[in-house]
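*Asks:* Residues per chain are reported as follows:
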Amino acid sequence: MPDKKEQGIKIGVFLCHCGSNIAGYLNMEELEEYTKGLPNVGFVQRNLYTCSETGINEIKQAIKSQDLERVVVASCTPRTHGPLFRSSCGEAGLNPYLFEMVNIRDQCSWVHMHDQEKATNKAKDLIRMGVAKAALLEPQEPIISEVTVRACVIGGGIAGMTTSLSLANRGFEVVIVEKEERLGGMLNQLNKIGPTMIDAQTLVDERVREVTEHPKITVFTKARVTLAQGFIGKYKIDIETETGVKKIDIGVIIVATGGRVFVPEGLYGYDGQRVITQLEMEGRLKNGFDKDVKNIVMIQCVGSRNEERPYCSRICCQTAVKNAILIKEQNPEVNVSILYRDMQMYGVENEGMFRDSKAKGVRYINYNPDRPPSVDSEKVDVYHSLLGREMSLPADLVVLSTPLIASEDVHEISHILRVSIDENGFLLEAHVKLRPIDFATDGIFLCGSGHFPANIREAVAQGLGAASRASIPLSKGSVVVEPIISVMVNEEACRGCGMCAALCPYGAIEILTNEKGRKAHVIDVACKGCGVCAATCYQHALSINSFTDQQIEAQIEAFLE
Amino acid sequence: MLDVGRHPNIDLLAYSEIEKVEGQAGDFTVTVRRKARFVDESKCTGCGACEGKCPTIVSDDFNEGLGTRKAIYAYFAQGIPSTRTIDADYCRQLNGKKCGICQKTCQADAIDFDQKDRIVELNVGAIICAAGYEVFDPSQIPEYRYQEIPNVVTAMEFERLLSASGPTGGHVDRPSDRAVESEIAEFEKKAKKSEKVVANFEKKYESNSAEFYEKFQSGQYKDDKDRVKWADKYSENLVIVESLEALKKKAETFATAKRLAFIQCVGSRDFRFYPFCSGYCCMHSIKEAIVANEHDTETTSTIFGMDIRAVGKGFEEYKIRGGNNSAISYTRSRVAEITEGQNSNPVVTYEDTRERKIKNQEFDMVILATACAPSAGIVDLSKLLGIELDDYNFIKTSPFSPVDCSIPGIFVCGCAGAPMDVPESVAQASSAAERAAETVFQYNFNKEKAVA
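Going down the list, the sequences are from chains L and G. The first sequence: position 52 = 408 (this note's numbering), numbered continuously. The second sequence: position 359 = 1459 (this note's numbering), numbered continuously.
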């Protein structure tokens, strides 16, 4: 390791008082004197507020007048103020990555308010460590990568069509890849849409027409994506169609693959005739409904909220209630009973439908999953868990509300795009609350029931949302990446074991074979600089810019001095 | 929040209200009143030194009135912008009294008592209304006695009690106990003052109060006015000390709340108030019960609800996990009444609908999962914007264009449109951004076409 003192690098250190937040609890004069004596430190200045305009100007002036080669600011948290100081260094002509920040407020002056001496000593340690690291910082340049201004939407259901139309209306080219013969997805099989009871076919026909007529949208039906190589802004994808494989350059990908209805083979005597699914019921309502049917029993949570499929599929209760209302509207004489565990009629519209259905005479019977109903050739027997007795309900038709489950090709898609799926086979978003329509991998987004069962309103909202997220790189035309990323520092040492690639959460490492053999290769645009690869690499072939082993060792050594 | 505050393309006009909207999709003119903060945003660094010195204590809205803040304040610690604001209703200086301590304290010279409201005009292509919602006030429900029983709180109040940065540092201290503790603090102040008075007499007459008082009661010094005063003050002191001791003794038995009841659908699914389901409250209660149990593993919770609606991704699993690992039991019921039992413990009266029995159960604390009510200012705002509201005063949309308001170019996201949880709000925010971008793009596109 080079001797830090011999490097002769001139470091400027700025000590922030933060009004009295720091200066009220630390001995700033002592800190200043101490800092002046640290190796390579050629300039020290105290500021009332380093982040104020005055403070920033003082940094800029010092960089110029003192020929500072590194800047250290000892103040608050890099989370809020790091970017400001970094960019200020850049504005004064110093490479922004030759900046280091030390937090002597949040975890120092604030938490040790009652012990000035020890707190000041801790601040000295922290500053000494920051200075030791700063001496070894290397200049970095932001990485800029062009974006192919074209989106690929996988899945042409309501979510996929919404996202496509939205992007196309903003002038972006869109390619839709739909595995079926026709666009529209599950909407094609539906009858009416609650709570407005608009005809599903009308809606789907209108959307399909808009999509197919849109000059910016290209649709491939009976097609699937078989290969996707690259990263945000630069994907090369293969689309297998009936007329052969199409190779297309793409900037972003939106996964709108939807779900499918669980078919309850072997449950409650399901036969597709007298015992049918809610989706089959939609078909019967659509095509005119058998006049002889007088008694209908619907059973909720068939194949969901059990050990095998623990989740609640969100939309089955509202579907059952909607169909019950439609049956009652066609013929109020038909008895409709819904056997349920909890009626999941969340929100304003659903609860409204629920109320409406009760007014129309739909009967609700609570059953306990430990004593489920049983279906025979004429009736359904159920233990009414609120009345506390067995009931026998005559049933000409039994409708089973089965959950939406992940589409059959979700594993293939997950594999091709290197995106994650959850324990139920649904696509896994980047963050359940904060990034519900992004994948962890940049440049790939999701919407619709592939993520989790969604009704039309939710699928449309997510479709619009995914378009918004995807449009960011498309409208910028390029992506700028912080250069604090993983780099191959010793290719000789890399043995191509692939451990780094397997662990990288962002799909940012690939193993390529070159003249030297199998070697890890970092896709810099995709890398987030988390450091998992560098920590894993037992050959020390990979390193993270601005967090090199050498820099961190210097910090630790300084601490132990 | 931080990202919003720092984004080069976002102009954050906090503490501002819309006064007028004119124009149409692609070209709106919006008049905004920027309310006076009496703090110069360009100078304030958000250090908070002023807050430390401000002598005026005000009830803290952010902590649901369970804590206090100063007259110069930030609504909450991580708020963006971090610029402080002077509450003109309470500030001594602004109300003609002598103060100005914050001004003297502020080293950035940011305090400006002469600041006035400013009117700014914005030219924008689209408007997104994300005005949020209001927590339903449960005092309207007589049978839950929210006002009368101190240990009946709202879910939002409980959230603040559970928060590590909240008024109790995350310990579930019962409001009735906290009231006694603040009474003790009051009495301690009084006792200190009265002891000082008594001590002065002792010094003056160079004798012990107790001895003096004995003599006084046996009839001595009855004509000595000063000594009569001493006797008065001393007996007053005795009463204070006695009351203080009694309160302190009572406080010795205080413990954090361990038996919690959560009552669902308070104001929701209720024809007297809001017939709709607020959607998020079931999960909110489950979360609060899990967090309370994480904080203190002796905590048990009972959630009373008609249906427990755990419909989002991973929600049902979370609900079951809460039952298995966090001592939560789910009771199917609509609670009929809450009364106050021994020890300020609320007693919940309900029908267990699975056992078909009326039951009474005592808890340390009851949490009301209150409805998502439409935002208080939404009617005025909708008039300004010219947009339609639904039957309950949420902003009207259609299932097929879930973020479009009734006027083109104006969009809605979040609970201003309908009650919803965080993931749905976040997704909708992106949807509204998309529709706004589309609007601007189409407007510019048509304009260019017209020119060409």
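If you're looking for bench data, these hints aren't it; they were derived computationally from the structure. This structure is a prediction, so every number in the text was calculated from the model and none was measured. Watch out, some of these pointers could steer you wrong.
To be verified - With a Cα cut of at most 20 angstroms, we get these calculated SDA-like pairs of lysine to any residue:
1. G:Lys1387 x L:Pro666
2. L:Lys548 x G:Ser1501
3. G:Lys1325 x G:Glu1286
4. G:Lys1204 x L:Glu746
5. L:Lys884 x L:Phe903
6. G:Lys1143 x L:Leu742
7. G:Lys1153 x L:His470
8. G:Lys1457 x L:Asn403
9. L:Lys884 x G:Asp1103
10. L:Lys789 x G:Glu1286
11. L:Lys789 x G:Tyr1492
12. L:Lys789 x L:Pro861
13. G:Lys1459 x L:Leu742
14. G:Lys1204 x G:Ala1188
15. G:Lys1457 x L:Lys832
16. G:Lys1549 x L:Pro571
17. L:Lys789 x G:Ala1188
18. L:Lys832 x G:Asn1109
*Asks:* All hints are to be evaluated individually against the structure, with a verdict given for each.
*Replies:* We went through each hint and held it up to the structure:
Our distance criterion of 20 angstroms between C-alpha atoms is met by Lys1387 (chain G) and Pro666 (chain L), whose separation comes to about 18 angstroms. A C-alpha spacing of about 17 angstroms is found between Lys548 (chain L) and Ser1501 (chain G), which places the hinted pair at or below 20 angstroms, so the restraint holds. Proximity of Lys1325 (chain G) to Glu1286 (chain G) is assessed by CA-CA distance (about 29 angstroms); at most 20 angstroms being required, the pair is judged violated. For the suggested pair Lys1204 (chain G) and Glu746 (chain L), the alpha carbons sit about 78 angstroms apart, so the restraint of at most 20 angstroms is broken.
Using a Cα cut-off of 20 angstroms, the hinted pair Lys884 (chain L) and Phe903 (chain L) holds, with the two alpha carbons roughly 13 angstroms apart. Proposed proximity of Lys1143 (chain G) and Leu742 (chain L) is contradicted: the alpha carbons are some 65 angstroms apart, above 20 angstroms. Distance restraint check for Lys1153 (chain G) and His470 (chain L): the Cα-Cα separation of roughly 18 angstroms lies within the 20 angstroms cut-off, and the hinted pair is therefore satisfied. A C-alpha spacing of about 71 angstroms is found between Lys1457 (chain G) and Asn403 (chain L), which places the hinted pair above 20 angstroms, so the restraint is violated.
Between Lys884 (chain L) and Asp1103 (chain G), the direct Cα distance comes to roughly 17 angstroms. Compliance with the 20 angstroms bound is thereby established for this hinted pair. Restraint check for Lys789 (chain L) and Glu1286 (chain G): not satisfied, since their Cα atoms lie roughly 44 angstroms apart, outside the 20 angstroms limit. Of the supplied pair hints, the one linking Lys789 (chain L) and Tyr1492 (chain G) is violated, its CA atoms being roughly 27 angstroms apart against a limit of 20 angstroms. Between Lys789 (chain L) and Pro861 (chain L) the alpha-carbon distance is near 19 angstroms, which keeps this suggested pair within the 20 angstroms criterion.
Under the criterion of a C-alpha separation no larger than 20 angstroms, the hint pairing Lys1459 (chain G) with Leu742 (chain L) is consistent with the structure, at around 15 angstroms. At most 20 angstroms may separate the alpha-carbon atoms for a hinted pair to count; Lys1204 (chain G) and Ala1188 (chain G) meet this at roughly 18 angstroms. Between Lys1457 (chain G) and Lys832 (chain L) the CA atoms are separated by roughly 64 angstroms; this puts the pair beyond 20 angstroms, and the hint is violated. About 17 angstroms separates the Cα atoms of Lys1549 (chain G) and Pro571 (chain L), which keeps this hinted pair within 20 angstroms; it holds.
A hinted pair counts as satisfied when its Cα atoms are at most 20 angstroms apart, and Lys789 (chain L) with Ala1188 (chain G) does not qualify at roughly 37 angstroms. A threshold of 20 angstroms between alpha carbons decides the hint, and for Lys832 (chain L) with Asn1109 (chain G) the separation of about 13 angstroms falls inside it, so the pair holds.
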